[in-house]
Structure formats: structure tokens, C-alpha cells
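Engineer: Protein chains in written order, with my numbering: chain A, 150 to 432; chain B, 150 to 432.
Don't take every hint at face value.
Any copy will do: because identical chains look the same in the list, a pair fits if it lies in one copy or spans two.
Simulated pairs of lysine-lysine, DSSO-like, Cα-Cα distance not exceeding 30 Å [what the hints assert, rightly or not]:
| no. | residue 1 | residue 2 |
| --- | --- | --- |
| 1 | Lys256 | Lys402 |
| 2 | Lys185 | Lys402 |
| 3 | Lys424 | Lys285 |
| 4 | Lys402 | Lys320 |
| 5 | Lys347 | Lys185 |
| 6 | Lys298 | Lys185 |
| 7 | Lys402 | Lys389 |
| 8 | Lys201 | Lys320 |
| 9 | Lys424 | Lys389 |
| 10 | Lys185 | Lys424 |
It should be emphasised that the hints constitute simulated quantities derived from the structure, not laboratory data.
Protein chains: 2
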Amino acid sequence: MKVYVIGIGLIGGSMALDIKALQPNSTIFGIDANEKHLQEAIDLGVIDLAGKIEDLASADFVIVSVPVDVAMVVLPTVLDAIGDDTIVFEVGSTKMPICEAVANHPKRRNFIATHPIAGTEFSGPSAAIHGLFEGKTNIICEVEKTAFKLQEKALELFRDLGMRIRYMEPKSHDKHIAYVSHLSHISSFMLGKTVINKEKHEQDIFDMAGSGFESTVRLAKSSPAMWTPIFKQNRKQVIKTLEEYISNLTQFKDLLINEDYNAIFEEMESVNRIKEILNGMKK
Amino acid sequence: MKVYVIGIGLIGGSMALDIKALQPNSTIFGIDANEKHLQEAIDLGVIDLAGKIEDLASADFVIVSVPVDVAMVVLPTVLDAIGDDTIVFEVGSTKMPICEAVANHPKRRNFIATHPIAGTEFSGPSAAIHGLFEGKTNIICEVEKTAFKLQEKALELFRDLGMRIRYMEPKSHDKHIAYVSHLSHISSFMLGKTVINKEKHEQDIFDMAGSGFESTVRLAKSSPAMWTPIFKQNRKQVIKTLEEYISNLTQFKDLLINEDYNAIFEEMESVNRIKEILNGMKK
């Protein structure tokens, strides 16, 4: 089996590691605009060899795992180059612009739009880890637009990686993911900014930070090159969630200004049910 | 050695467990307004016996680990009841109101104001764990107001628990802790609220949540009974940090509205140095 991974970072690299472990006879080719990353991926054993777009005709799988703005440009070129039995999938955090970009491509039926809800705050080939997708959700959009035989091939791989599948329209995906992923990243970045700005004048503030702070700012380590185009592509939904979040924070602040501690207690108590929701996530 | 723990939850209970492990011959008495918690603490082996305020005269250590509003009321009563060689310490997340509440007490020199920067999002006796304080920071306020001999006794215990000590004025403590702890909690609670409100109409939204969301909303599981009085006591500082946070979020939203993606990239890139800061925390 020939697998091409375009963009050898956290997601593409982790898929490469798992596929190689599942199918030791497969050959994993890597394609990356960053020559250093490509060499690093080979040195780390994340991929077997460097590949070329011109060779995609013989590929079984092509995994496009690049920032979502790059995916818009790369995907049509990839589809132009593949063979009739190649299945291409893309793993980015926005789905509507990607699906639109390939909607009228003659090889649309060789493409499957996915979003594996898996990751860490790290990036690059050295961030690739085994088992990243085990027990995670993979959201698949517009499955009906993919050729049935190729759907089956992709789904078998996702199952082998340990993922559960959810089908969704690209528009719903982008709307919902703004709440449960994109907003969390902005919340974390801006929390980091607020504290860093303070710390400029107060060097020892971080001596006082505990695991709670660390947990809420963890996502502020994420890659701006990956996240800027996500926010750009999902701009309207992200603005909407930010407006709601800012409004909730402002309301909480007003309760504090007005010293309405009963309401503050009730606010927190009603959000406490996030416990059960998060427990449900782990099932 | 006789140790009294007033309020057997996450912090008091975890201290009890560690002290018993360090000094197996000590007796750990528990005092708690919640009878169920008291019995649970005995059943779990977190404490040895139920104690009484009237018996504090013979105590070596009294640990007051109750919500900060309760601490204001309980501390003077505790100081009234203790013996000359008893050292009392309180572990809450605000220090100025507590220090003021005992400032003129005749037994002020038997008290040491502390804030161990340690915890989890859980509460109650079942949340008590061994080793919670290992490698953590303990902030001590107004150390000069504690009798030297009793300071030594307390510091020896904190060292045995594995904590490093930082001395700070109560006012600085409350100002800084608003940034690195109190704000994180509100950010997390309001993020949870924003997503829960959305989810009322969109049941499957949480199917899409990954570890990033989980990390940013973890603190929204925290106890409202513990956190409401913290926000009340540190109201001015918390309002200030919230204003700065809301202003940063609004500015980010405006960059999105104006489609200034270079500025968005730069915002995130400049916050990325939180990586080094968080790594520094682990040292």
C-alpha cells in the first residue's frame, strides 16, 4: 500500500505512524514545503521517503494535512494528479470552504472531507505520536459525494485507527466547531495575553500560577500559522461565538460590580453540569 | 502530635493524608459543619477522629481549610480556643481580608497566613489525595507577624510536604492571584456557559468537543460555594482583570471583523511565549 502524507506535522505525522504500525508493508511518502520538516520526518521514522505530487497516480491514500488555507490551493492540484482508485482526505478544522473548493472538480468522488477531533498544542513532525486517534471522533462531511468503494476504504482505515464516525453537513460542522474548538483557542490566547501584559511589570506573577492556569492557557501554545487561516475561513461563526462569550463575561463582571453574589453562585452552579457533559465525552 | 483540620475537603484532606504519612504517630482530628463530610473523611481514612473547637488548646497544628467567607468567622473563634504553642494556618485564595480579620487578635502571633498553590477541580473529602503539595508553591503573607518559633514549626511542615516558599504582602498576593487563578476560573465558567447555552438547541455539539475544549473548561467544574466568596473578597481586582480580558477579546474580535489577519497572526505569535513561561513554572 502506498500512502502519501502532504504536510508532515502533528496530524499527518501521527496518521503516518499509526498506518505504518497497522500495515508494516506499506510505504509512507511525505511531501512538505518545509525541507527541514521533511528531513526531520525521515530521521524520526515518521515517514519512509520523500514523495512527489507527480507520483500520486499510484497512491492508495493521500492525506492532506496542511493549514486550511494551503489545503484550498493544494487539494485541486492533488486531485488532478491522482489515479482512479486513489482516495484523498483532508483533515482541517473548517469544512465548508474546503468542500466548496473541490465541489466541481472532476475527481470530487475521490475525495472525502474529514475532521479528526484529535490533537495536542504541539506542531511539526516531532509532535507526531502513536495512538493519537484512538477513541476519538472523526467528523465526515458530504459523505454521499464520495464514491462508495472509496468511502469504504477510508472508513476501514478510520476504524483501524480507532476512531468513531459522525456524519455532518459542512455548514453545521463549521458552526458547531466554532463553539467547542475555535472559541477555546481564542479564550486561551487572550487569557495568556492578559497575564503576559501584566507580567511585563510584575516578574514574579508566574511563580503564583498553578495547574488551573496552565490548563486554561495550554492552547495558547498552538501554531499561529495553522490557526490564522482557520479563523479566517470560519470568520463569521467565530465572531458570533466571541460575541456571545464576551457578553457572558460582561454580564458576570456586572454581577460582581452590582455585588449580586447569589446570581454569581447560581451562574457557576448551572455551569457545573459541564462535569457530566465532559464525562459523557469520555465514553 | 495533634493536628486539627477544620474543613475536610480537597486541601485540608490532602494535607491530613500527607501529615499522617509523614508522622504516623500523629492524630488527625477533623471538624466540619457538614456531618456527612466528616463521616466520609473518617470512612476514607483521611482523618482519625472527629474533633471539637473546645479541644484546640492541646493542638499542635490547626489547619483552617474552609471557604474564605467562613474562614473570616471561624478564625477568631479558633484563635480564642488554641493554646500558647498552637500554630494555626489558613489556606484560602484571598489573603488581605483574612489578614485584616485577625490583625488585632491577641493570638495573632499564633497565626500564619498561607496560600498553597495546589488543587484540582474537585472538592469534598473524596477529593483528598496524597502528594498534592509536592513541588508546589506556598505563598506566605505577613510572616513577620507570626511568632518566630511557630514560623519555624510551620515552615518545617511545609518543607516536609515538599513545598517551596514565597513571601508576599497580602495586597500583592490578591492582586496577582486575580490574574493567574481567579480570572482563569471565570474564563472557564463563561466558556462552559457559552457552549452549554448553544447546546440546548444543538444536542450533538459535545460530540465534537476534543481535549482542547476539555482543558479550557476544566475549572468550570469547581465548587461555587468555594469560589463565590473568593470573587466577593477579591472583587476589585477580579473586576480589573476581567475588564482587561474582555478588552483583549474585543480587540481580537475587531481584528477578525476588519479581516486584519497579519495582526491576528502576530497576536497569537506574541502569546506563544507562554510555552517558555509554562516550562519555567515546572522547574
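Engineer: Are the CA atoms of lysine 424 and lysine 285 at most 30 Å apart within a copy, between copies, both, or neither?
Structural biologist: Both. Shortest intra-copy (19 Å) and inter-copy (26 Å) distances satisfy the 30 Å Cα cut-off.
Engineer: How do lysine 185 and lysine 402 come out at 30 Å by Cα distance, when the copy is not named: within, between, both, or neither?
Structural biologist: This pair counts as neither: shortest intra-copy Cα distance 48 Å, inter-copy 35 Å.
Engineer: 30 Å Cα cut-off: does lysine 298 pair with lysine 185 within a copy, between copies, both or neither?
Structural biologist: neither (36 Å within a copy, 60 Å between copies)
Engineer: Have a look at lysine 402 and lysine 389 and pick one of within, between, both or neither, based on CA distance no larger than 30 Å.
Structural biologist: both (20 Å within a copy, 9 Å between copies)
Engineer: Can you give me the call for lysine 185 and lysine 424, within, between, both or neither, at a CA distance of at most 30 Å?
Structural biologist: For lysine 185 and lysine 424, only the inter-copy Cα distance (22 Å) is at most 30 Å; the intra-copy one is 43 Å.
Engineer: At most 30 Å between alpha carbons: which applies to lysine 347 and lysine 185, within, between, both or neither?
Structural biologist: neither (36 Å within a copy, 43 Å between copies)
Engineer: Give the relationship of lysine 402 and lysine 320 under a CA distance limit of 30 Å: within one copy only, between copies only, both, or neither.
Structural biologist: between (33 Å within a copy, 21 Å between copies)
Engineer: Within a copy, between copies, both or neither: where do lysine 256 and lysine 402 come within 30 Å Cα-Cα?
Structural biologist: Close neither inside one copy (53 Å) nor across copies (38 Å); limit 30 Å.
Engineer: Cα distance capped at 30 Å. Does lysine 201 pair with lysine 320 within a copy, between copies, both, or neither?
Structural biologist: Close neither inside one copy (33 Å) nor across copies (62 Å); limit 30 Å.
Engineer: My question is about lysine 424 and lysine 389: at a cut-off of 30 Å on alpha-carbon distance, are they close within one copy, between copies, both, or neither?
Structural biologist: Both ways: lysine 424 and lysine 389 sit 25 Å apart in one copy and 29 Å across, limit 30 Å.
Violated hints, listed in ascending order, are 1, 2, 5, 6 and 8; each of the other numbered hints is respected by the structure.
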